[in-house]
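K.L.:
Quick note on the working numbering: the sequence shown kicks off at 156 and runs consecutively.
No wet-lab data here; the hints were simulated from the structure. Incorrect hints may have been included.
Claimed, not checked - Label-pair restraints from in silico Cβ distances:
| hint | residue 1 | residue 2 | range |
| --- | --- | --- | --- |
| 1 | Pro-205 | Lys-335 | 17 to 23 angstroms |
| 2 | Arg-236 | Glu-321 | 43 to 49 angstroms |
| 3 | Leu-217 | Thr-282 | 34 to 40 angstroms |
| 4 | Leu-238 | Gly-361 | 23 to 29 angstroms |
| 5 | Lys-232 | Ile-184 | 53 to 59 angstroms |
| 6 | Lys-329 | Arg-236 | 30 to 36 angstroms |
| 7 | Leu-225 | Ala-323 | 35 to 41 angstroms |
What the hints assert, rightly or not - Computed list of lysine-lysine pairs in DSS-like fashion (alpha-carbon distance at most 30 angstroms, straight line):
| hint | residue 1 | residue 2 |
| --- | --- | --- |
| 8 | Lys-232 | Lys-353 |
| 9 | Lys-258 | Lys-329 |
| 10 | Lys-258 | Lys-233 |
| 11 | Lys-233 | Lys-335 |
All residues carry an ideal CB built from backbone N, CA and C; glycine is no exception.
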Amino acid sequence: MSFFHPSFIPSSYWKWVRWPLWFLEALLIYELSLIFVLIFSGLQQDYLKPYVQEIQLRHIKLDDVLGTNLPPTPDPKKANRTLRGIDANHNGIRDDVELAIFKNHPDDKILRAAQLQYAFDLQMYFTDVRDKQTLDAVSWQEDRGYGCVNDTVPLPWKSIEEMTQELATPRNIKVSKRQKEVEDLVQNTPARKAYIEKIYGRFYDGGGSLERSVNDCDLAQSILQ
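Please model the entire structure based on the sequences and the hints provided.
P.N.:
Here it is in structure tokens:
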């Protein structure tokens, strides 16, 4: 029902003024709706801010790298029944992924720590992404895990001036192999791969709002040597 009614305006004038008045009414409703959306969006961001910060503060622990509380081997069918999978020891790393990393790298704590961190970060896509803000926070953590795995391969040059393609290419291949090893473990089913694509298609807008982290690794290599 319109706010403006012919009874308030002589009928002889109504046919001339009704369209401008209806236009102003529609414009008023639109502006009020826009104000409401902006206020709601601001309140939502304030509400989510502590949760985004909590995601950014998550780290793997030294006990995770040392295998102090390794989980039992899960049933593969049960492990892949849901996107989250099974995390019996509640350390944020899916059990089948955690055990595979330990199996692949039993004697390399530095690489194991980096891959466990990367797996920990990738797992958050299945547990914590619910909007753009949380996607940004999880992507920020993923970048850190990705960078930490990169740091496990020493630079074969002492300065940037000494870097050559012949030196860089083998190193990059080795880094990519270590990163992909984790990605294949975490995103090991079509459903999990499709879910990652789905949330990026829904929430990603072309740029993140969080600054790049200074330290990529949760645990310094010096305490793992």
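K.L.:
Run every hint past the structure and note whether it holds.
P.N.:
Hints, one by one, checked against the model:
1. Pro-205 with Lys-335: 17 to 23 angstroms: 34 angstroms, violated
2. Arg-236 with Glu-321: 43 to 49 angstroms: With Cβ atoms ~47 angstroms apart, the hint holds.
3. Leu-217 with Thr-282: 34 to 40 angstroms: 22 angstroms, violated
4. Leu-238 with Gly-361: 23 to 29 angstroms: 25 angstroms, holds
5. Lys-232 with Ile-184: 53 to 59 angstroms: Given a distance of about 54 angstroms, which is inside 53 to 59 angstroms, the answer is holds.
6. Lys-329 with Arg-236: 30 to 36 angstroms: Given about 34 angstroms between the Cβ atoms, the range holds.
7. Leu-225 with Ala-323: 35 to 41 angstroms: 36 angstroms, holds
8. Lys-232 with Lys-353: Within the cut-off at roughly 23 angstroms; holds.
9. Lys-258 with Lys-329: 19 angstroms, holds
10. Lys-258 with Lys-233: 20 angstroms, holds
11. Lys-233 with Lys-335: Given that 30 angstroms is the threshold and the Cα spacing comes to 24 angstroms, the pair holds.
Comparing the model with each numbered hint stated earlier shows that hints 1, 3 do not hold.
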